[in-house]
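Take these sequences, add in the hints, and give me the full structure.
Letter by letter, the chains look like this.
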Amino acid sequence: MRDQFIIAKKKFKSRLIVGTGKYRNMYECAKAVKLSGADIVTVAVRRVNISDKKKPLLMDYIDPKKITYLPNTAGCFNSKEALRTLRLAREIGGWKLVKLEVLGDKKNLFPEMIETLSSTEILTKEGFQVMVYCNDDPLMAKRLENAGASAIMPLAAPIGSGLGILNTTNIKIIRNQTKLPLIIDAGLGQASDATIAMELGCDGVLVNTAIAKAKKPYDMALAFKNAVIAGRQSYLSGRMEKSLIGKPSSPIKGII
Amino acid sequence: MKKIKKIKIKLNGKDKQIPKDFKIDKLINDLKIPIKKVAIELNQEILDKKKLSKIKLKKNDKVEIVHFIGGG
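Line by line, the protein sequences give chains A and B. According to the numbering used here, the first sequence is numbered sequentially starting from 516. According to the numbering used here, the second sequence is numbered sequentially starting from 11.
Since the hints were derived computationally from the structure, they do not count as laboratory data. Beta carbons: idealized from backbone N, C-alpha and C, even for Gly. Some clues are possibly wrong.
Footprint (simulated), chain B over chain A, 3 or more residues, beta carbon under 8 Å [what the hints assert, rightly or not]:
#1 537-545
#2 561-570
#3 580-588
#4 592-604
Cut-off 20 Å, straight-line C-alpha distance, at most; resulting in silico cross-link-like pairs (EDC-like, lysine to aspartate or glutamate) [claimed, not checked]:
#5 A:K595 x B:E55
#6 B:K46 x A:D620
#7 B:K47 x A:E606
#8 B:K20 x A:D567
#9 A:K568 x B:D40
#10 B:K20 x B:E55
#11 A:K568 x B:D25
#12 A:K569 x B:D40
#13 B:K47 x A:D575
#14 A:K611 x B:E55
#15 B:K46 x A:D734
#16 B:K36 x A:D567
#17 A:K611 x B:D25
#18 B:K59 x A:E606
Rendered as structure tokens:
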């Protein structure tokens, strides 16, 4: 059976989702996205710059017909703002697959889970397919699933921190309790973090800053692509049992 | 020449003077905004882009025009 990555009944080739923020320019962003092999990119909804009409548009660099745009609600601190943003996003191009992110803490950018949960319920009723940024809390993950979320996206660490997965146990617990796509969102710092996420059984990872702010973003985009593939293959291969004592790899019999 | 009466609206958070009875599709056209790449809100209500030619702007209307930018 082929190993498929399916979100809200749609198949995707790459298990790596990338953000499009923090790049030096649109060209760099588009090239990094291409090298990453991602077929989903997150995008933000913001005011059109009325005074500078020559400012390049993201859609001119990344074609939404070729790559799935996943509108997010970054910068929203309550349900009302998040709902408004995603309804506008849907109006731009008919997008129903969205990333919900309601923040509650301006310093650490932790998710405000009460508002996140109520927004998930409303958006699902309105026909949105909601991928939800959340805490690595198994109980809240279950509630989101019951509310109709299309994917559970716990943080590895605070957004943009690059600290890697801080609570692997909780991620494993969430993995074991849900059949929904489980995607690590936020906090990864280097390619090996993505491999760890995939080896924990996650279905995918979402990365922005770790690529955009690497010294060589193009190389890091490629590194993440390979890391996700390696992690997935490793997970599916079934790791060997751990042992506290050494066991020689070469036969003892026949030693001269 | 008859002077055209102007009204003030808020466009993306900034004051803008427009002629009275100005229609919203005209505003979008004048700003050279690619309609397919944006969403438009009038007083916090999302507008159907097919019906823009039917909507006249009124004094103190709040218009928001948004699009997608890079984000994580």
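Here is what the structure says about each hint:
With a threshold of 8 Å between beta carbons, the proposed coverage of the segment 537-545 of chain A by chain B holds, since 4 of its residues qualify and at least three are required. As drawn, the segment 561-570 of chain A meets chain B at 5 residues by the rule of a beta-carbon pair under 8 Å; at three or more, the given contact holds. By the rule of at least three residues with a Cβ nearer than 8 Å to a Cβ of chain B, the coverage given for the segment 580-588 of chain A holds, with 3 such residues. Counting residues of the segment 592-604 of chain A whose beta carbon lies closer than 8 Å to any beta carbon of chain B gives 4, which meets the minimum of three for the stated coverage.
For the given pair, K595 (chain A) sits about 13 Å from E55 (chain B) by alpha-carbon distance, which is consistent with the 20 Å threshold. About 35 Å separates the Cα atoms of K46 (chain B) and D620 (chain A), which puts this hinted pair outside 20 Å; it is violated. Among the hinted pairs, K47 (chain B) with E606 (chain A) is consistent with the structure: their alpha-carbon atoms are about 10 Å apart, no more than 20 Å. Straight-line distance between C-alpha atoms of K20 (chain B) and D567 (chain A) comes to about 17 Å, which keeps the hinted pair within the 20 Å bound.
This hinted pair checks out: K568 (chain A) and D40 (chain B) have alpha carbons roughly 11 Å apart, not beyond 20 Å. Under the criterion of a C-alpha separation no larger than 20 Å, the hint pairing K20 (chain B) with E55 (chain B) is consistent with the structure, at around 14 Å. For the hint linking K568 (chain A) to D25 (chain B), the alpha-carbon distance of about 18 Å falls within 20 Å, and the restraint holds. For the given pair, K569 (chain A) sits about 14 Å from D40 (chain B) by alpha-carbon distance, which is consistent with the 20 Å threshold.
A distance of roughly 10 Å separates the Cα atoms of K47 (chain B) and D575 (chain A); the hinted pair therefore holds under the 20 Å criterion. Between K611 (chain A) and E55 (chain B), the direct Cα distance comes to roughly 18 Å. Compliance with the 20 Å bound is thereby established for this hinted pair. Our distance criterion of 20 Å between C-alpha atoms is broken by K46 (chain B) and D734 (chain A), whose separation comes to about 34 Å. Our distance criterion of 20 Å between C-alpha atoms is met by K36 (chain B) and D567 (chain A), whose separation comes to about 19 Å.
Between K611 (chain A) and D25 (chain B) the CA atoms are separated by roughly 33 Å; this puts the pair beyond 20 Å, and the hint is violated. Proposed proximity of K59 (chain B) and E606 (chain A) is supported: the alpha carbons are some 9 Å apart, at most 20 Å.
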